Amino acid sequence: MKNRPSIHDFDWVLLAIVGVISGLGVLEVYSSTHASGMAGMHWKQVMWVGIGLVGMFLISRIDYHMLMDQAPFLYLFGVATLLVVLAIGHSRFGARRWVELGGGVNLQVSELMKLIIIIVLARYFTEVRTDRLALQDLAKIVILTGIPVGLILVQPDLGTAMLLVPVAAVGAFLAGIEWKHAAAGLLLAALLIPVGWDMRHHLKPYQQQRITTFLHPEENPRGAGYQILQSEIAVGSGGFWGKGFGKGSQNQLGFVPVRYSDFILAALAEEQGFIGICVVLLLYLGLILRLVDNAQKAKDRAGMYVVMGVTSILGFHVLVNASMVIGYMPVTGIPLPLMSYGGSATAFVFMSLGLVMNVRMRRFVN
Amino acid sequence: MASWSVDDRKIPQGRLVLFSYVSVFFITLLLVGFWKLQVIQSGHFADLAERNRIRYIPIIAPRGAMLDREGRVLVDSYPSFSILLLRDDPKLLEKSLPQVEEGLGISQEDLQQQLDAAKDEPKFQPVVIKPAASQADIAFVESHRADLPVLELMMVQRRRYPHGEMLANAVGYVGEVSAKQLEQSDGHYRPGDIVGKAGLEREYNEQLEGTDGMRRVVVNSVGRAMRALDDVEAIPGKPIQLTIDYDLQAIADSYMSDREGAVVALDGRTGEVLAIVSRPTFDPNDFAIRIPAAEWQKLNTDRRTPLLNRAIQGQLAPGSIFKIVMATAMLESKALPANFTVNCPGHAEFYGRTFHCWRPQGHGSVDLHKAIVDSCDVFFYTIGQRLGIDRIHYYATALGLGRRTGIDLPSEEPGLMPSEEWVERVFHHKWYAGETISVAIGQGAVTVTPIQLARMTAAVAGGGTLLKPHLLKNLAKVSADHFPISEDTVEQVTQGMYGVINEGGTGSSLKLQNIEFSGKSGTAQLMSYDVGNRMGKKGKENNGWFVGYAPRRNPEIVVAALVQGSAEHGGTTAGPIVRDIVKAYYDKRNSHFQQQATVENVSPPPRVVAPIVATVGAGTP
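Protein sequences appear in the order of chains V and B. Here the first sequence is numbered in our numbering, starting from 1 and rising by one per residue. Here the second sequence is numbered in our numbering, starting from 1 and rising by one per residue.
Calculated from the structure, these hints are not laboratory results. Nothing false has been slipped in among the hints.
Computed cross-link-like contacts, DSSO-like style, restricted to lysine-lysine with a CA-CA straight-line distance of at most 27 Å: (1) V/247 / B/36; (2) B/123 / B/95; (3) V/180 / B/10; (4) V/44 / B/180; (5) V/297 / B/10; (6) V/140 / B/10; (7) B/473 / B/588; (8) B/123 / V/44; (9) V/299 / B/10; (10) V/247 / B/91; (11) V/247 / B/119; (12) V/44 / B/119; (13) V/247 / B/95; (14) V/247 / B/123.
Note that the structure is a prediction, hence the values are computed from the model and not measured.
Whenever a hint applies, use it, and build me the whole structure from the sequences.
Structure representation (structure tokens):
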């Protein structure tokens, strides 16, 4: 037993996996953009990764118990910020998600909300102190999660709103949800999908279009269905061995939509083939298993919930993004963590990994 | 440690292990998904990727035509060919460039610059490298189809201005969309798109521009078109009808062809612009295709400012035309009795300085009527001194001087109507009372545009309605400012202007039979300093003005003409232009009535009209 966390307790294996994935991301961003007007974008991504690493080390220094002490305040702060964004945030691509931080830096606040919800729900689950979640505990979780989800939904940002749900779901599962409640919840979700389908006329046009084109991609050859189709063509035409670095016609000629960000996996699939996809997906599996390992070794339940909150969000990101690229899910605008180009998203991933490091470093500390 | 975190229970290892299995399951599922696409269906998708070499060739929508008030074409479009460079095979492109440069006579830098400009566009979109292909260019592309597959022909629509320089400053010109517009358009425009850049082309760009269509052509891996897919038809732009009367415009234009200045003819009842001329001018056809940089440079630096629309942007001293404002101010303000009389010995002294009348021997005893007819300066010096600058400013501004008329053309200038407040704000000193004396005869700091003078005259003769001048016909509503002028004042001032032409005044050589042709001449002796600079002149040449209208009350037509840089009097230089436009207007209207009468077999015709002839009198200038 030690009294202070040490740098030796850092999860170097996890860091190595993260480093390899980020490196592959930077390479693919380079390949996708070097011959276009966006040339040089990969250097910016390197910068984001660098900033992310600094953020990760900083977060790992603050005891996660201290962060969780502030959970009520953090929650109120997060919800208030979401309200402010709705009121004064400025629109990009038709949705209000950004606040100007001055100096041209824009922060997507829903990314911040993801970090906050991890801490808030971890605190809540820790305090439940039972292995059989009562219905009223479950109701509180639904409300606690529902408020930010609703606020992000009206931005509107369906994808990010969806991402908060697995934190609550995985947390409830670990806290000992009763099978009948779990079954009821799944049934409810299954019922809500057709209701949601009926409600689609209330969705924003772009969301309606995304859903319709997901079901009938060939109907609108220039719309969102076109994006899915082009992505599938990129993936499929890559074949087993891939077309080679910088040689994917779908990628290089600009057929693959936002090939440096949301569809980076399609660009990689085209150029590196099924072999490349195996490497990347197994790296992500390794990342998830390593995170679970950290949860298993956590000193207390509080730490475990924090780590598993991070794990569930990152895992969900990978699942949704990869499914979208191969046409198994509609286009939701969820990037692939660590690989897709983007400042706020990359910062979030590294800061959430900082939380994991934080828990790991304190497993022997009293 | 906080009390909330005290919990002795162990980590639920079993559930975490279950989570791991679920993760393995999902990753496996994804791998199966990728396997299906990349291994099982890879042939199918490779084929689709190959077929993805679809080229999107834009079909350019023609811009809407501009018609005159009777439907005669003033501006239209015609089809021509552009040459496209296809960029989807970088190696082939690189290899072909020298041959393309030579065959089409494009310099290497020029071509590279165009390729750089389109860098951000997806590579499957081609670049226009030659907007107006000559017969030789087309032949070159056709004959090198096999060895230069990077070239493609595209049919485009080009702007045509059949009357060339006539109406050029009002119509404006078109050009390639600028980088800034491109950015602001949010994807509406693509590089190389043609948009209205000046004049009506810019003002009504939205109506005029159509929506481009798109032709999708599938090409094989070496870029040969295999077959055409669906076409998205182009939607042509809407034509606009202008208030311009081609006949009057042609008369005004031919008069001004070798002069410098401007002419504006308005319909006094509606504010419609019947003719608008500015000289010197340019040929908008030069802009219809990409204008060579040297040509553009020349137009912009020409000291005679051909791109300046003098009718709405030329700000000059109004000279004696301003006396219409002075007369109105004197009567309306009631600061002086209507029968106020001044003795003009040919000069007068104000504030210790001698001011001369244009007629050295003087006009003798002068009342308001005589002062307008003979344009007596001493009379107006005197009432100017009595009224004071702020009262003059009030009436001049109310009659539309010193502010934009709101005509539907971009970049109208306001002119300047000085006041005490203006001098203090801009020059930080008190108004010099002596300056009022100069302003009273339209000299000094006061500057106006020709269209302001036409509108002001129409307003005075019409009882105080200032209609917004406009070039677009069939406006639902014409906005207007109202500054009611009393009946007595309108009668006196218009009688004066009638006398200018019909009672041996400064415009007595302009008499028209059977038409109540009225007006006022003006001769501004020197241009204001800044205008002088802009026009590139510093000599003491005259600017001759004439504003004429008919009939005397509630005019149907009002014409303001400006002839710059002539040594002669405004009645001599600008007067005949105004007279001939007014005469042509009546000739046309009357023959129209007669025609109608014949067709409808109505007898007798509504009005017996004698042929109108201009009587060329030998009166005073």
